[in-house]
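**Q** Chains as they are written, first to last, in this note's numbering: chain E, 1 to 255; chain L, 1001 to 1459; chain B, 2001 to 2500.
There may be inaccurate statements among the hints.
Said to hold, decoys possible - Derived lysine to any residue pairs resembling SDA-like cross-links, with alpha carbons at most 20 angstroms apart:
id	chain 1	residue 1	chain 2	residue 2
1	E	K147	E	T97
2	L	K1339	L	K1018
3	L	K1018	L	M1129
4	B	K2043	L	R1204
5	L	K1370	E	E79
6	E	K147	B	P2331
7	E	K241	B	P2331
8	L	K1370	E	E93
9	E	K241	B	S2407
10	B	K2043	L	S1198
11	B	K2043	L	H1207
12	E	K147	B	R2452
13	E	K15	B	F2033
14	E	K147	B	L2455
As the list claims (entries may be wrong) - Here are a few chain E residues that sit away from chain B, every Cβ distance over 12 angstroms (derived from the structure):
id	residue
15	L3
16	Q54
17	T63
18	A77
19	E78
20	D114
21	P144
22	A224
To be clear, the hints were calculated from the coordinates, so they are not data collected in a lab. Backbone N, C-alpha and C define an ideal beta-carbon position, used for all residues, glycine too.
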Amino acid sequence: MSLEQVPDVTAVSTKDEFHVPNAHNEPGYRAMKQYTVARIGVWRAGPRYNTWSQLHFRADHATAQDAVFTDVPDGYAEENGFMPGQSQCANKEVYLTRPDLGRKLDEESKARFDATLTKSAPVTVVVGDGLSTSALVNIPKILPALKLGLAGYGIELGPIPFVKYCRVGIMDDLGPLIDANVVCLLVGERPGLATGESMSAYMAYRPNRERPESWRTVVSNIHAGGTPPVEAGAHVASLLKRMLDEQLSGVELSL
Amino acid sequence: MKLKTTLLGKTYGFGSVKEVLAKANEPKSGDELAGVAAASVQERVAAKVVLANMAVGDLRNNPVVPYEDDEVTRVIQDDVDEEVYREIANWTIAELREYILSEDVGTQEIRTLGRGLTSEVIAGATKLMSNLDLILGAKKAVVTAHCNTTVGAEGTFATRLQPNHPTDDPDGVKAALMEGLAYGVGDAVIGLNPVDDSLASVARLLHMFADFTEQWKIPTQNCVLAHVTTQMEAIKQGAPSDLIFQSIAGSQKGNEAFGITGAMLAEAQALVLEMGTSEGPNVMYFETGQGSELSSDAHCGADQLTMEARCYGFAKRFSPFLVNTVVGFIGPEYLYDSKQVTRAGLEDHFMGKLTGISMGCDACYTNHMKADQNDIENLSVLLVAAGCNYVMGIPHGDDIMLMYQCTGYHEAESLRQLFGKTAIPEFEQWMKDMGLIDGQRKLTERFGDASIFLERSGK
Amino acid sequence: MRETLLSVGIDVGTTTSHVVFSRIAIDDLSGGFTVPRIEIVGKEVFYYGKVHFTPLLSPTRIDAGALRELVATEYERAGIRPEDVDTGAVIITGETARKDNADEVLHAMASFAGDFVVATAGPALESVIAARGAGIDELSKQRGIRAANIDVGGGTSNIAVFAGGELESASCLDIGGRLLRVSDRSVAYIAEKLALLAAAEGIDVRVGERADLPKLKRLADAMVRVLEMSVGLVPATDSYFAMLTEPATPPGAIQALSISGGVADLLGQPLGGQDPFPFGDVGLLLAEAIDRSQLFSQVERISPKQTIRATVVGAGMHLTELSGSTIEYDPTVLPLKNLSVVRISEAEQADDEALIAAVQTKLALYAPNVAGSSNTPGPRPGSSPGTGSASMPVNSQPVAISFPGYSNPTFEQVQQLAGALIAATEQLRADGNPLVAVVEEDMAKALGQAIRASLREGFVSIDGVHAKDGDYIDIGKPTAAGVLPVAVKTLVFEKNGEES
C-alpha cells in the first residue's frame, strides 16, 4: 500500500467509460457511446458486471439515495434569507409515503406566510426540498439569474418562502393564501442515477386546487449536467413574464 | 358468508368482502395511503382467517367494482368458464390454495382451474400464500404464447430489450440495442418506451428496429410502447410493428385515465393481426403495476393487489403475447421498500400465470425507495425459479429515460446459466450463428461486444 | 412547433455551376418539460437545377451577368422567389475562386439569392461541404469508421476525412480534369502546377505538342498517386506537398472512400476504342486512372450520395446550423453577415483586462484585412475583401466575439463576462456595430439578459456555436421558434487546431 490515492470511479463519465478488451471495432464502439449516456461498453466478468462499472453504478446510486434521504439542515431557510415553512409531513418517512400531506402547508407555516409574504404580487418564487435535498445546491445560481431577468421586465420579487417536505401541489395551497398571480416553485426532482442534484421549476398562473395538472408549466433537468441553473433562471424569467402577459400557464400557454 | 372471527381473544368483524380482501393483504404502503389496510398485524391475520373460510362463489359474487358500473368486471365475469366454475364454487379459498399446491395438480389442471376463476378469487388465494407458495404455484402454471417466436416454453427464459433514450435519438437507441443483443437480450421483444409519442417518431423507430432485425436476421418481436392509438395509426401508415402495447388498469375508470376502452383494444388487436408484421396469434403487449389505479383515483376503494389481479383478468380477453407488471416503478407511497416490492413481484407473476396469461416482470425500483440492485437481483432469481416468462434487460440496469433501475443486460445470461435455461430456441440459434456462444453454450469473446454489429462487410 | 426553412445552394465551380433548393425541417425535441431544444430534424433536396457550364468572360474573369441570368432562370423554374429563401449558401470553388472578380461575383450572387444567403469560399471549407454532400460524414458516424471523400473537379481535388462522424482533416490539391486541355489532338493548355508535377515525374508535356495517350496516362497515374497520398494510402512525397493549395499533413489510414465531383461521373467507363478526350481535357483519363488505382483496391468503395452535385448539395443543406435554443438578442440587428471572429481563450474570458486587451489586439490584427489584403471567406489571397471597404474606420469592421464560456457558470461569472464584453466593444458599438457574443456552453440567455440590463439593445448573445480566430460567421433572422440560423465558415482546418 502506498500513500497514493485510488482513482475516483466516477471521474470518467458514462459516455467515456469503456472496458471491452479486444473490441471488434473499438473506435466505432467509443463513437457510438457518444450518442447515449446508457452504460454500454462495460464488458463483463463471466456473465456478471465488470468490477469498475459496478462500483461506478453503486457510487451513482449512493448519490441519488443521499439526495432523497438526507433532510435539509435546520436553519437552512433563515441562513439563506427565506421565510421558513413546512408541509403537513412531520418527517421524511411520512413525506415519502403520504404525497397528499406534502401538498398542504402546516398551520404554523400558513400563518407565517400569510403575515409576511407580499400579497397579490405579480410573481412569487417558492423554494422547496422536494425529493432531492441536494438539488438546493442550484439555488445560489438560479435565483439571482431569475431575479435579474425579472428585473429586466420591471418585476421585483418579495420575500421568498421555503417549504420543507414539499410536493409540487404546495403551489395550489400557497397561491390562494397570498392571492399570488404567478407562482414559481423551485423544487428538487426525484433523482435519477447520478442526477441527484436535478431541480425543476414549476410555474402556474393563479394556481389553486381546482386547476388541472396541465395548468402547470415545468422546466425540469436543471443541474450542472443538464440545463445550467443560471441559464435556466434566465429562461424561467422569460416564461414567467409571458404567463403574466397572457394570464395563462401550462399547455394553454402559447409556445 | 361469515365476516367475523376471533383471534387471540379479540373479535374482528369486517363490513364486506372488499374489506376482507383489503385487510388480508400483505403490508403495502399504497393500501395505507388509500386507507384500506389492516390497522394491526393481528387484524391482517384475522382477515386472512375470514378470507380462508370464504367460498369461491362468495368472491365471484362480490366483485370489488359492481358489474353494472365497470367494463373490467364485465369482461372478467363474462369470460369465466361456467362449467369449471360450478365444480369449485363451493370450495373455500383455503381449499383452493391447497389444491393449487397439491402434488397431484400439474400444469394441465392449473390451466383448467384458471378458466373458472375470477380475478377476486385469484387475489384471495394469493393473499393466503407465502412467498414460496407463490413460486411453487406459479411454476406449475406454464403459459406459452406465440407471435413470431414462442415465449414461455419450459426450459427457456426470455428478456425484453429496452433500449430507452432521453430524447429517442435513433443513434443512441441503436447503440443500446446493439449492446443488448450482444448480451443475448431481446428474445421476448425489442421494446422502446418513447419520450415522444408523435406518429412520426414512433414510425421512425419501428422502421429502425425492423431494418436492424432484418439486416441481422434476428428472430424476435418489435414494439414501440407509445399510446395504443398512436401505434395503430403508425401501423395503418405501414410502420412495421409486430405487437401493440398498452398500459392497462383494473377498473374502467383506471382505463379511462389511460385513454382506452376494451373496444379500442379489440380494434387494435384486429388491426395488428391484419396489418402487423408478425405471425400471431398473440399480438398484444400489456403493462400493469400495483398502485396505478390509486394514482388515478380509480381504485374504487379496493386494495392494490385485487385491482392488479383484475388487470390480468381484463388482459386475458385479448390473448396477449406479453404482460408484465412494472413492480416498484410507481414509488414508495405504493410499495415502500424491497420487501414489499419482492412480495408484489411474486404475487403479480403468480396471479398472471394462474389467470392464464404469458407473464413477465419488470423487477425495478426508483431512487426514492428503500431498495437497491441487490434486491432486484434477488427478486429476479425468485422469478426465474417461479418460471417467469421474461424480465427486462437494460444497459447495466440503469434506465436513463425512465430514471429508474431494473434488471440489466448481464442478468439474462447469468440467470440462464444459473437455472440451466436457454433463450427462445430460434434466438438461441441466432446467438450461436452470431458467435456469441459456442456449441457448448460457453460465452465467446464476442459476447458483450456491441461493435460486432459495426462493419459487417469487413474491410 | 415543426417549421421548415427553405434553403438554396449555389456552386460556381471550375467547369460547371449548379443550383439546388432544399427544405430543412426544425422542431423542438425537448418534449415540453425542459428548456426548449430546437434542432434540425430533416433535410431534403426538392429541386435539382441543371448542370450549367460556368460562364467566363476571359480566362481571368467570370461573366457575372450570364451567371446571374442562369441562377435567375433556375429560381424561376423552381418557382421560388429570392424573398422566399430563408437560408443557404453560394460557394465559389476550384479555379473559379481564383478569378479576379470572384469575390465581387460571390457577394453579388449572395445578395441576389436571398436575404440570408451566405457567401463562402476557401478550399478546406469546400472539401468539408463536398464530403457532407456526398454523405461520407454520416457514413463514418453510422459505421464508426474513418472514411474520406475526394471531390475531384475540373480544377481541384478536395479531400475531407471523418472519423466516427467527426471531421479530422480537410485539404485541397491542384488536381483536376481540366488542368490539361486537348484541342485537335494537341495539348492546348497545361496548368502551371501540373506541369511541375509532370516534370518531377519525368514526364515531358508541352503545350502545342500532339496529345500522346500513353504519356498522358502516365501523367494521370501520377495525379492519382498524389490522391492516394492525400488519404494516407501511400507515404507522401514532395509531389504531394507541392500539389497542396495550402499546407496540410496527410491523414492516417482510412477504411472507406467515396469520390464525388464531375470526374466521379466518368468512373467505371473503360477507355476502349472511344475518344479519350471527349470533353477536350484529361477528365476521362483521370477517372480511368482512379479506377485502376489503390484508391479502391485498398479500401472499401462507397457510392457517394451525390457526385457532381456534392458541393452544391453540401452548401445548400449542410452549412446552416442552429444556435442554442435559450438565447437573447435584439432582433432589429439581424441578419448579420460575414462577421470576422475574435476568439477569446478560456484564460482570457475570466479576466476583464485580458479579455478587453485580447479583443483590442485582434481587432487591430484584422485591420489590414479591411484595407484589402487577405483571408476573407470570399476570395483567396490577393483579391479584394469580402466585407467593409477601405475607407471605413478600422474598428468599424463588425465582429463576433467567440469564447468557450462555462459549463455551469456562477451568476458572478456571467455578470463579469457581460461587463467585460460591454467594455471591450465600446468603440465598436460607438461606430454603430452590435455586440455579438458567440459562446459554446449553454449560457447565452443568462449572458444576454445581463448585457440587456446595461445596453437594452444592439446586441446578440447566442450559444451552442463554436468559432475560432480566422473563421467568419453569419447569423440569420429568428425562426418562428426563436432560434437563429448560423453559418460558421472555417478557412483552415487543423487536426489539433484549437486556439492558441
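**Q** Of the numbered hints stated earlier in the document, which are not met by this structure?
**A** 1, 2, 5, 6, 9, 13, 21 and 22
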